[in-house]
Amino acid sequence: MNASAVKIAPSILSADFARLGEQVTEAERAGADRIHLDVMDGHFVPNISFGAIVVEAVRRITKLPLEIHLMITDPDDYFDDFVAAGADSFLVHWEGNDNLHRTVQRVRQLNKRVGIVINPATPASVLEEILIDIDQVVVMTVNPGFGHQHFIETMVGKISRVREMINRCNPQCELELDGGVDEKSAPIGVAAGANVLVAGSAIFGDPQGVAAGVDRLRRAIAQTADVTKPKGK
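Letter 111 of the sequence shown, counting from 1, is numbered 111 in this note's numbering, and no numbers are missing.
Read the hints as simulated data drawn from the structure, not as lab findings. Hints may contain errors.
Capping the alpha-carbon separation at 25 Å, the derived lysine-lysine pairs in DSS-like fashion look like this [claimed, not checked]:
| id | residue 1 | residue 2 |
| --- | --- | --- |
| 1 | K184 | K158 |
| 2 | K158 | K7 |
| 3 | K112 | K63 |
| 4 | K7 | K63 |
Okay, the calculated beta carbon distance ranges per label pair [stated by the list, open to error]:
| id | residue 1 | residue 2 | range |
| --- | --- | --- | --- |
| 5 | G205 | C169 | 34 to 44 Å |
| 6 | A5 | G209 | 16 to 26 Å |
| 7 | G157 | G209 | 32 to 42 Å |
| 8 | D88 | D16 | 21 to 31 Å |
| 9 | Q208 | Q149 | 19 to 29 Å |
| 10 | A84 | Q105 | 13 to 23 Å |
| 11 | R219 | D74 | 39 to 49 Å |
In this text, a Cβ means the ideal position worked out from N, Cα and C, and glycines have one as well.
Based on the sequences and whatever the hints tell you, model everything.
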């Protein structure tokens with residue numbers, strides 16, 4: 001597989017916020033495909049990150065698509081604020097949402113892309129009734145709420161199952177991995193069927209800089225063995 005077929009989404013949760021603008025610009029110039037922004041409220045997950053004001057600031061400094069990962073209670077209440085701030089897509093969790101179809105429809109009304117996120121302990125089967133209606137599935141490969149965690153290798157089987165479901169039901173849907181993605185785990189995830197990778201510390205924590213982190217990840221993906229390009233991509 002050509003490395004360019006796999007999209008890289010740097011997660012600013014791992015960025016140096018004193019140099020956030022500079023580092024986002026470096027990521028864009030290095031060939032990142034989109035920027036991933038983790039919004040956490042301290043209730044849905046135990047950590048607190050940032051809100052629409054940071055999304056607005058990032059929007060001013062990059063032309064890349066901004067995907068907003070909402071790890072918050074009642075995400076529907078905040079879509080308008082994030083759209084006004086410059087969001088291009090929303091990633092909402094299956095967990096804790098009793099009206100998932102309504103949430104997806106709400107995002108559609110705003111003319112934005114929408115994805116569903118499933119935590120490590122959530123089986124792939126929960127996607128059956130919603131997969132046809134969404135643009136992305138995000139498989140969490142760590143437990144959400146904190147950065148700098150290690151990739152849970154037992155998620156590889158789930159990634160493969162989700163890829164099979166996507167190919168069968170909605171081939172245009174992207175399969176994204178979020179958590180512990182680095183030069184070691186990225187090829188494993190891509191081989192299992194992922195075509196979008198969220199990476200935080202592997203990019204922003206690279207000792208040689210952001211551009212080196214993006215390049216290191218690209219080279220690792222390019223060396224993936226036995227990878228077949230997902231259907232519809």
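Comparing the hints with the structure gives:
no.: 1; hint: K184 x K158; verdict: 18 Å, holds
no.: 2; hint: K158 x K7; verdict: 20 Å, holds
no.: 3; hint: K112 x K63; verdict: 16 Å, holds
no.: 4; hint: K7 x K63; verdict: 16 Å, holds
no.: 5; hint: G205 x C169: 34 to 44 Å; verdict: 37 Å, holds
no.: 6; hint: A5 x G209: 16 to 26 Å; verdict: 25 Å, holds
no.: 7; hint: G157 x G209: 32 to 42 Å; verdict: 35 Å, holds
no.: 8; hint: D88 x D16: 21 to 31 Å; verdict: 24 Å, holds
no.: 9; hint: Q208 x Q149: 19 to 29 Å; verdict: 22 Å, holds
no.: 10; hint: A84 x Q105: 13 to 23 Å; verdict: 20 Å, holds
no.: 11; hint: R219 x D74: 39 to 49 Å; verdict: 41 Å, holds
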